[in-house]
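All chains, full assembly: derive it from the sequences and hints.
Here the protein sequences line up with chains E and G, keeping their order.
To convert, note that position 128 of the first sequence is 128 in this note's numbering; the numbers rise steadily by one, no gaps.
To convert, note that position 374 of the second sequence is 374 in this note's numbering; the numbers rise steadily by one, no gaps.
Keep in mind that the hints were calculated from the coordinates and are not lab data.
Certain hints may be false.
Quick look at which bits of chain E chain G covers, simulated, 3 or more residues with Cβ under 8 Å [said to hold, decoys possible]:
no., segment
1, 69-77
2, 90-96
3, 178-186
4, 220-227
5, 244-256
Idealized CB from N, CA, C, for every residue including glycine.
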Amino acid sequence: MTPPLTPHLPDANEQAFIMTLQKALGKPIGPALTEPTGLFDTRPLDHEKRLAAYLDKNQAEKNRLLEEFIAQAKLVNMTVIPVKNTAQAGLGIQELIAQTAPEWGTQKSVTAWHHPLIDQLNLGERLSADDVTLYTTDSSAPPDAVLRQELRAHLIQSYMGITSADFCVAGSATLVMRTRPNQPRAVSLVPSIHVAVITQDQIIENLEELYFRLNWDPKEQAEGLTNCMTFISGPSKTGDIELVMVHGAHGPRQLITYVITD
Amino acid sequence: MVEIKTQYYRQNAAKAIEDTVLQKALSNVQNRLGPATARMYKDLPEGPGLRQKAHEIREASINHLDILLTRLAAKIRDRGGKVYFAKDAAAASAYCLKVARANQVKMAVKGKSMVTEEIGLNPILEDNGIEVNETDLGEYIIQLAGETPSHIIAPAIHKTRKQIAELFTRELGIPYNEDPPILTQAARKALRKKFLEADMGLSGCNLACAQTGHITTVSNEGNIRMSTTMPKIHMAFMGMERVVAKLADHDALFRLLSRGAAAQNMAGYVSYIGGPRTKDQLDGPDQFHLVIIDNGRSQILADPTFREALYCIRCAACLNVCPAYGKIGGHAYGYPYSGPIGAVITPLFVGINRAKDLCCGEPLCGACKQACPVDIDLPRMLLALRAKLADGDPEWGVTRANPGEKFAFQIWSLIIKNRKMYDLALKIGTLFQRLLPQKNGYIPAIPFVLKGWTQSRDIKPLARTSFLTQWKNRENKTNRKNKS
Chain E
1 MTPPLTPHLP
11 DANEQAFIMT
21 LQKALGKPIG
31 PALTEPTGLF
41 DTRPLDHEKR
51 LAAYLDKNQA
61 EKNRLLEEFI
71 AQAKLVNMTV
81 IPVKNTAQAG
91 LGIQELIAQT
101 APEWGTQKSV
111 TAWHHPLIDQ
121 LNLGERLSAD
131 DVTLYTTDSS
141 APPDAVLRQE
151 LRAHLIQSYM
161 GITSADFCVA
171 GSATLVMRTR
181 PNQPRAVSLV
191 PSIHVAVITQ
201 DQIIENLEEL
211 YFRLNWDPKE
221 QAEGLTNCMT
231 FISGPSKTGD
241 IELVMVHGAH
251 GPRQLITYVI
261 TD
Chain G
1 MVEIKTQYYR
11 QNAAKAIEDT
21 VLQKALSNVQ
31 NRLGPATARM
41 YKDLPEGPGL
51 RQKAHEIREA
61 SINHLDILLT
71 RLAAKIRDRG
81 GKVYFAKDAA
91 AASAYCLKVA
101 RANQVKMAVK
111 GKSMVTEEIG
121 LNPILEDNGI
131 EVNETDLGEY
141 IIQLAGETPS
151 HIIAPAIHKT
161 RKQIAELFTR
171 ELGIPYNEDP
181 PILTQAARKA
191 LRKKFLEADM
201 GLSGCNLACA
211 QTGHITTVSN
221 EGNIRMSTTM
231 PKIHMAFMGM
241 ERVVAKLADH
251 DALFRLLSRG
261 AAAQNMAGYV
271 SYIGGPRTKD
281 QLDGPDQFHL
291 VIIDNGRSQI
301 LADPTFREAL
311 YCIRCAACLN
321 VCPAYGKIGG
331 HAYGYPYSGP
341 IGAVITPLFV
351 GINRAKDLCC
361 GEPLCGACKQ
371 ACPVDIDLPR
381 MLLALRAKLA
391 DGDPEWGVTR
401 ANPGEKFAFQ
411 IWSLIIKNRK
421 MYDLALKIGT
431 LFQRLLPQKN
441 GYIPAIPFVL
451 KGWTQSRDIK
461 PLARTSFLTQ
471 WKNRENKTNR
481 KNKS
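Here it is in structure tokens:
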């Protein structure tokens, strides 16, 4: 829950700055008494109907969105693998780890979010026999400097980061994730391979639906955007040398998304 | 402050046109990005008309900038972020330096940001013993080469892979290789170390959202996410105009920004950042600072003729279609902002007289307006700048760029308003043109102040007898015939 807006006293810099703007705009100087209608989002009259339509998609619609997501993902070099259940996803990741090699060093380390869906993958058991070190971002204790330093070290060591996402925008193959206590943002960033696991229900149509739900779904409203919401559409890439597309500029070189369909 | 070289526009443009490597690079960018962006506008579900809607969104944002910035600052402060309002470049840099010193910052990593180029942040930090590493691959390349960006989103586009390979061999000590993936990997390796060691991350801001209180950063490489996640301090710099009211505004604008900038559906990474790490979070910076910069923008805001220039979201789509930019490249403009948008805002920032050649170099063909994702009428503003240069303007402190030209036109206006004077001038003209060389019935060169007229074309000499005289003579003849 975002705390309610507390009145703050603007410093002298801010006051002078805003006054300059008001002068330039030909407005009366001083705090704005009323905000013009329509400037900020206000709840649309049909918001309940629209929200219900977004939340209750039928199976055909869900399948269309999955197909759209797969098609769009191809364009941005994201691999999408539909699987029936978490067991299949877990197995897929296990195989992926067996087939891939770390970019820096030789030790195969993996960091995974502590997250209801990711926990169900049973990665601990699956990887125990192999020569793989698994770190999870479970911080039952308050994350003091030591814990945070540890996470950092694990992440730098890890060649794969496993996360979920809050939404997946089909129209542009965009994973949307917010930073939460056990879901640090660097897991989708520092390792060379990013694996995301989502359920088919999380696939939405477009940005319009995303922003509508963030604004008017009471569940999303309560949490707000948090202090860091990230959109990820494909692996890291650059075209800065003669416009030649190269994957893996600074972020992950590969992005694989498992979609659980059942 | 950043070095201003707008007064060398003509020389630098001439040099650029002779540079065959640059010419090839520029046509590569324009041939690939320009048409691709136009196609993507057409394929939008709302059609290209979305650009006009985006224009209205930006117009409303700019007209309520006071309300939006107040809200943005309050929301960010609520989350424990610091907001600093900087009236000019010096204040912004000084604030950054103050925070860096207070936290014993030794090394900073920086995501691509045009406004930090504008305020000349790097040299100030470097002069104070702070190492600054550009992390966008293009920016990294030009930092290693000791140059400045030549394109808003593809800053090293003027360099070939061969030049980059030589540069990396020299500066990074890697074996010579021209393969872009291998060169990218070398930069990735070198910069990863910097990201993990840096004490401070610097970034720009693409479009803040006032209602929720977030800035946004957009990149494809992931370097901005790295710079804003790994170091313990994140400081973001935004031009005061880079804000919209609400999330719904981002829908149209992000889709258009991605299309305008790189013909993408959606940029690779977009981050909404609204404050420092909360106590229960495992990562993210401990401090978040937002520096909101005026630096001459309020003067643009105050002038209805140019206010529209503040709608710009810095996607560089206008650079990718401009025939002038396509020939002279970004460096000729002599300031971080190049192309049609640079030709409008650079004079407004550095002085219209000082940058007078920029607006005259643009051809007014209208391509930039069509390519602009927020439908800014750049040709109109280029013309307005030319008008100010012709007539002078006390409000912008513009003196007549060419008083002689103005005087000549005043004389000309006297002449054409008076039949007798006009005929006399024609007579004198026909008399004097005999002194000029003629070739195939044309005059190939006029000397002195008028020589520009024949620089790229020959002109037809004045007829010995004017059309009107011929007509009169003819009529007289017929009349005489009829009478007799």
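Hint-by-hint comparison with the structure:
1. 69-77: Held - the segment 69-77 of chain E has 3 residues with a Cβ nearer than 8 Å to chain G, which meets the minimum of three.
2. 90-96: This one is violated; 0 residues, fewer than the three required, reach chain G with a Cβ under 8 Å.
3. 178-186: Contact hint for the segment 178-186 of chain E vs chain G: holds, 7 residues under 8 Å.
4. 220-227: Coverage by chain G holds here, the residue count being 4 at a Cβ distance below 8 Å.
5. 244-256: holds (count 7)
In this structure, the one hint that does not hold is number 2.
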